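Read top to bottom, the protein sequences are chains A and B. Position one of the first sequence corresponds to residue 1 (the working numbering), numbered consecutively onward. Position one of the second sequence corresponds to residue 1 (the working numbering), numbered consecutively onward.
Mixed in with the good hints there might be a few duds.
[Said to hold, decoys possible] Some but not every residue of chain A turned toward chain B, in silico, with C-beta under 7 Å:
#1 L26
#2 L28
#3 D31
#4 D36
#5 Q74
[As the list claims (entries may be wrong)] Residues from chain B that keep clear of chain A, each with C-beta distances beyond 10 Å, as calculated:
#6 K20
#7 L43
#8 G91
#9 N101
#10 I132
#11 K137
#12 W144
#13 V152
#14 Q155
#15 H183
#16 S184
Hints are computed from structural coordinates only; laboratory data are not their basis. Nothing here was measured: the structure is a model prediction, and the numbers come from that model. Cβ atoms here follow ideal geometry from the backbone N, Cα and C, with glycine treated the same way.
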Amino acid sequence: MSESISKEYYQYMHELQTVDFVLVELTLYLDTHPDDQQALAQFTQFQRRKRVLMQQFEMAFGPLQEFGNSPPGQTWTWSSSPWPWQV
Amino acid sequence: MWIYEKKLQYPVRVSKCDPKLAKFLIEQYGGADGELAAALRYLNQRYSIPDKVIGLLTDIGTEEFAHLEMIATMVYKLTKDATPEQMKAAGLDGHFADHDNALSYHNAAGIPWTATYIQAKGDPIADLYEDIAAEEKARATYQWLIDITDDVDIQDALKFLREREIVHSLRFREAVEILKEHHSSKKVF
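Next up, chain A with everything else stripped away, as it sits in the complex (with noise of 0.2 Å):
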């Protein structure tokens, strides 16, 4: 399975994983810091990038999420591999 899966996919994944890391981070902390304008503010900026990227991988590799939160593309890929515990 693993051989036929692209480097690309391998480094926007890598990159979406980190920034997702920073994004689920911050949840868990505001959750206990509600109060923490600079943390907020860090969420906004890395909501805003994880978006972009989001779009990017989209684009390139197929849906990340299902019932209608990700663009289905012109032919209906989701039900596709590769799924995550295959690659």
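On the provided structure of chain A, position chain B as indicated by the hints.
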């Protein structure tokens, strides 16, 4: 409702077939302090916990499902090419007889997951202390798993998960303080 994202939270690299290691890792899949128990514990407790900490329980519970997927990926990749002989040599013959190479929610000793692993007392402090203990136990388990293998790729993913337990424990401790503060401020009036 939950939205699935077609990506792992953190990369899981597995370069070899090693069912013996999978047998240990399954502890964090279907064990008492594993990721399934964690996710179900927090998402179940949140209905009766004070509003101030529902968000935290929801978000940590959701993140636990991402960790469950990482552990599943490790176990799947370590066993997908294993022959019946290799499964037997790894002590997974009992598992193989019932499940072939499918995953199953049980611990390293083969005991099936049970709802008795999770508590919900309906007392916010009791529940949050249970959550802190669960995170610390999971952190310790990840340390034993890191110690038991010399596979650097698996160690890398396990270290990520170990660090997440530390952060979750810290956030739950803060949640306890938030509730204590809230409780004492109410008494003033």
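So, going through the hints one by one against the coordinates:
no. : hint : result
1   : L26  : violated (11 Å)
2   : L28  : holds (5 Å)
3   : D31  : holds (4 Å)
4   : D36  : violated (12 Å)
5   : Q74  : violated (18 Å)
6   : K20  : holds (20 Å)
7   : L43  : holds (15 Å)
8   : G91  : holds (23 Å)
9   : N101 : holds (13 Å)
10  : I132 : holds (13 Å)
11  : K137 : holds (19 Å)
12  : W144 : holds (24 Å)
13  : V152 : holds (18 Å)
14  : Q155 : holds (18 Å)
15  : H183 : holds (16 Å)
16  : S184 : holds (17 Å)
Hint check: violations occur at hints 1, 4 and 5; the rest are consistent with the structure.
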